[in-house]
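Q: The chain contents come next:
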Amino acid sequence: MTLRAERVSKQYGDVSVLREVSFETGRGQSVAVVGPSGSGKSTLLHVLGTLDRPSSGRVVIDGRDAYALSDKELARFRNRGIGFVFQDHHLLPQYSVLENVLIPTLASGDAGSGDGDRARDLIERVGLAHRADHRPAALSGGERQRAAVARALVNRPALLLCDEPTGSLDRARADEIGDLIFELHAREDTILIGVTHSPEMAARFERTLELREGTCVEA
Amino acid sequence: MRRSLTFFWRIHLSVLLGVAVATAVLTGALLVGDSVRESLRDLTLDRLGDIDHALVSDRFFRTDLARDVEAADGGLTVVPAVTLAGSAVHATAGTRASRVAILGVDSRFAGLFDANAPDLARRGAATPFVANESLRSELNARVGDAVLLSFELPGDVHRESLFGRDGISESIQTVRVRLTGVVHDRGMGRFGLRPRQRTPLNAFVSLPLLQETLGLPGRVNMLLVSQDTQAAGDPGLALTRAATLDDLGLAMRVDADYLAVESTGFLLKPHVANTVLGLADELGMPRMAILTYLANTIRVGDRVLPYSTVAALDVGSVGKLRLADGRPGPVPGEGEVLLNAWAAKDLHAGTGDAVELAYFEAGPALSTRHVTLRLAGVVAMEGLGADSLLTPAFPGLHDAEDMHAWDPPFPVDLTRIRPADEAYWDAYRAAPKAIVSSATGQRLWRSRFGSLTSVRMGPAPGLDAGQSADRFRSGLREALPPESAGMAFQPVRKQGLAASSGSTDFGGLFVGFSLFLIVSAALLVGLLFRLGVEQRADEVGVLMASGFTAGAIRRRFMGEAVWLTGLGGLLGLAGGLAYGWIMIAGLRTWWAPAVGTGELALHVHGSGLAAGYLISQVVVLFTILTTVRRLGRMPVRALLSGAVHHAAAGSGRRLKVVAIASLGLASACLAGVPRAGREAAIALFFGCGTFLLISGLCALSVWFQRKRRTAVTGIWRMGVRNSARNPGRSLLCASLIACACFVVVAVGAHRRTDAGRDALNSRTSGGGRISAHRRNGCAALPRSRFDGRAFRAGVFRGGCPDSGRGANYAVSRIAR
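Residue numbers (this note's numbering), protein chains in the order written: chain A, 1 to 219; chain B, 1 to 816.
This is chain B alone, in the form it adopts within the complex:
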């Protein structure tokens, strides 16, 4: 065998190289898939450090909750932090970075990444901050530079509700900070909970300083959990045990006669209100549901009161209501209102008068509504008639020294406020001046954000207020798990790893794109081996004449093939490594937009190499076996004479059926593309191509089989006749060329040109030219992103010059 291998070395070398190409392409494609998957996994693990679970709430809660969760489960390390979405602007250069993650952290945060804590201690007036390299680069800032960090102030009130409109929760606060350090875009610098490949822009600020800036000392909105041991329990259970009503956004006030439950978000969410009312009923506690709203105007005749609160409640055994003349206060009916004595006096109102209320109605657009009610009585300035606690505390109102100092989120005309109103504010603060029935209040002011501002409850039977409060608190904690308040730990590590492996299957994609290349290489190998064997057809004839069985001859040639494919495969493994390296280099640079990150590395696993090697061996050996088997069926006289022309496979009728069926399947694939998802469309594309190829080859084979009786009168007919003489070989050649054409067309068809409106060009300060395309809504390149800096092809984020928003840019060409 060795003698044969070396004697026919030219053809065998060709076969060996063909096998090497097939192995290289297949192994390389698998390596690329493995590498992309592993790289994305590495990025996930890098950005999360030791973090397994994370809780990010839209509401702030106690910093000490972290400690309490740890206490509830000794296997957990819980790190509190503040996270805000914002932007950064270089104070002097004006360079801007949007979608900046402003992170209030302490040394415990760095511990999650086994990193040294960033130096965030205040020195001098400016608040220090540490940026990751991407943010520093985006701002083109240096240590010591001043930067303006802007962020949305957090708030508990939904922005579409009356008390959330246009105000505190939406307002932007800007703080001046000084860059005191830069961390690499690795580990802590890459921290981010969202599974995305791009490096986030992180600004680290001291946790206490950020809390102070926010006016939320001792409050955080993020908990990061590292499970220290495998024995660690469910952090969700620990959270349930540790969370207080305060953490859930609820406040419980205990008075001598009653206890009240309020929300830090002004309105009790419907499910919370229902739970509170239900629990009160369950414990036998008398209760009073309260909805306090703001009336812009209370009018009686031509006299008006500006900006007064109105309480909607059903007076029962909780709270006292007495008329000004000493009689027990009546329960206002539907369409009735009670005024307190101060308001009635100011409005010169008497029982039976028409009282008009004007108030804002929250919604997509703020509008003023009016309602006219009948005055059912005037209540004394005591008890519920002058109870400022009926109005929940709200930033901007309840803590204002006087009414002129109000800073509400809705429009107010402070010029309407009279000295008398200020006097009322000084005496009774936000105590409602009017009381309506609960039914009337619900009809007028309930919204999807809630229908109650608080619930007051009397003591449970046999218990005093304190005991009742304890029982109620404990019951409410059980009835309201943290999840109900939007507080739940997310398994971010698990999710991140799933996202990194569950996104585009690059291995499959590359194998798909390489499939035709692999098939081509296999066909080429088969063709070359066939040529080699055909050269030795007389050898086969002699061997058969000498008594070798067809099987023995096949084994003899397959033995040679195994050696060739084995060696070629080994050579192909080296080629596969090179192919994979080149592909990864391409994905890191030219095709970076496809994977969204330039941080890919070649990951080589024995399993990937073995799979590529074995699959290519099987494919190639199968192809060769097919060739050899056909040769073994040839008559000896044909073999000895060298007339070993293979007929095209199959009968004409069968080939026609296959051709038509394949054409039908190709059409079906094509028809399915518009309705298919992205990955399914790719599979259908390849399926369509494959079926078209099969159909075309079958048709060609049928054409070869046609009997040609016309004389050869020219080069064209001579060529046709020659092609039909050895249809098997001709079909192989046609397949080879078809596969190559398919690869070229497929790659060309899938190429994103980003021509036209998305194509952007810019010049650098150094005179270079950058060709790039935007990836979302921006019509120009951020010059500051490139000016005066070293850069390279890839994906960048930058502030869009025309909108100021963050935009992604894919730089495809750089000319210096």
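So that you can see chain A by itself, here it is in the shape it has in the complex:
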């Protein structure tokens, strides 16, 4: 799988958030996106993740312009090919850890027993086997984020997008989550793109893109 951003720009009204950002990456690679607050890091991640249509430019995934797909195809592609880990875990409070992890498998409408096994395997790998039936309210911050990581990977996405996944955690928990993400990235052979403010975290990525006032520079 390859991901290529071609002169991607994004404007919100009069405000230009991204200005002709271009870069390319491939399977197994990890890219950190760094920059000061408001530089457009999260916007870039959402554009790459097909959640936010760029004002101009293209996001080409495996040779196809992602935003040329219909809404339905785009949703399917997002479901099958992309995993998100947000700064805030965004676990659904009414469901258990296992159910939260299984949510992406429900989108396609053809969830099978294999999905359950996969979810349990991931939960075990993120160290929450004993918490699988607990609701998010019963988990600590780190545990919730680990559950979110498991949810992002349940559909074996080729692209894992992490938006400051450790931003709300203390150092120890942040390292723990960072280790987990990189371990799973290596094991699942995904493209890992992560937005982070942490230089230590950024240093663990193979490449670093720095955004300054919407423009991207390879660090």
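Worth flagging that the hints you see were computed from the coordinates, not collected in a lab.
None of the hints are false.
A few chain B residues facing chain A, derived, Cβ under 8 angstroms:
id	residue
1	545
2	547
3	548
Partial chain A-side listing against chain B, Cβ under 7 angstroms, derived:
id	residue
4	46
5	51
6	72
7	78
8	84
9	103
10	104
Predicted, not measured: the structure shown is a model, and the values here were computed from it.
The beta-carbon is built from N, C-alpha and C at its ideal position, and this holds for glycine as well.
Starting from the structure of chain A, add chain B where the hints point.
A: Chain B alone, transformed into the frame defined by chain A:
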């Protein structure tokens, strides 16, 4: 889904209750409409029993006509009865009831209601009568009490004609009766042909006894028809076959030389006279049209004859007229008169003398007119010169033993009558003393009530008088259908049912009044659901990020909404039943004047419940769908951050156009109110309110969209800024409050206060206080109506103390 429903139970419970309220209000309004309609229908069916058609005539006809109509159509059961409008007064207490229906009935009448016949057999001197409970209550009478029933004596003569003036047809007869029984205000007790909701005041009297009292044995003025089978024919056709000339108010007299057609109403109605004359011509029968009138005075010089009849006729081949000297009688010309020998002798009149006639002219005011004619001859006292049958029979005159016993409906000075006049009366009865030409008579005495008193006809060519009479009778029956004499069966059941369903559409009215409540409830549901969904905005964001399509997410939330609205709707059905019950209870008591009866019952139909349920489901689900659809269009980053503020719908320009257009439509509705009917005015009122609401909300939305650059310097500006931050939610809240205000104002504006002159107060004998208002022309409460009796709020009829007439009272408050 179940997990989501239970996890967010607080907001979902709110939504569920909102749906329940919307369903309850809508279902309740529909139930009220159904109930009022059904109750009025029940009242109609109750008061009519098995009666399908009824004939009520202003003239009495043969009781046996009922039997003859039955014979003409085997599918009909026909019950004869007498109905009179009158009043009743308790003989000792003096309590009065007006607009009493006095009904002469026999056992066949009770059979129409599957009821036992009331005991109306005479025991002792007093005539028995049975009252319905309302009449008994109005009179505050008990079984055994004596009551005076007063009623207008029926008459065939129009009251504005000379022979109907101030007299028999207008005179009131009072009979003393004794209350022997009371029937409930149901079935027979509620009998009434007029489609009205109030319980009539019915007094049942034995049919033969009432006929005897009226002096009309074997005569009735009402036929009630029950169609026994669906195969029964048209009662109108049966009536046409069965009715005789007698039933139509015509009498046919057959003499050896002629046959004569007269009216029981003294004058032949114009169309009847024309038919008779035309038929005579058609059959080739010689005819003589006769108009006999009363001259108050016949004067020649200084000699006068009081109260003499004058015949206007054209002497032809019918009847003989010979002068006193034996020569054939001349035909009097215009301005001429013939006197019979008796009159000429009494007046010392001779041919060529001036004869002055003084007579009453009927009209709005009775006036005396005079005409002077030239005496063209004196006729012998034979044939038409002394023919008392030229004067139709008339009660009060023709049957009087002597002239001093006259009891005519017009003023007479009996002191003017001399012995000679009595002698003439004894010898010749009402035989005309003078004869004028038909043209002169028509000029002097014709009126809108008729121009002929009888028509005499000679035999048809080749037939004797009897054969001619048979042919003429049969021809006249064909030519004069009963309808022409005002005898027609009315489909009272059909009319009653139509009236019960065609009056005020209470369902529509209540839905109208409840509409804003329903809209409010729907908006509230939408608002609550929006709040619930907005609380879960990050869930929507996660789902979208996880690959759920917007449609799938909508379906997910709509699934929850369907469960909530479904359950809320079921709860609302129970609430609707309670709402309907309360409304009906209110209409039975507090708002009884609005429907005119307190006898309403809650009628619950599956169709009404289903309609209320389904409509409320559709309305609420549509509202929720609108909310969810908007949420699905939000960017994921906004959803994940929880910044899900809906913009106010529409562009500023479009909103301004809608606001102005709605304002214009509201003005148009308002302008149309003065020219609209009652129901249309209500629709315009609601239309005006709706358009004003839309206009106001659009204006508010435009105001929310204004860019505010001024700094927030106080609480007010902070509030404005906060309201504009989430304009959709603010608009919903404003709509909710506006709807509530509209309902409050609308109800207040439509409330009848009856303050001022119509507000009446009275004290009961028990020390209680009654607050009531009159509904027509009476300035005081009938104390007897309430004294010493149990009563309740509602509509009552009572005799107005100051006018003695019946009045309606709506009792609104009772304090004991």
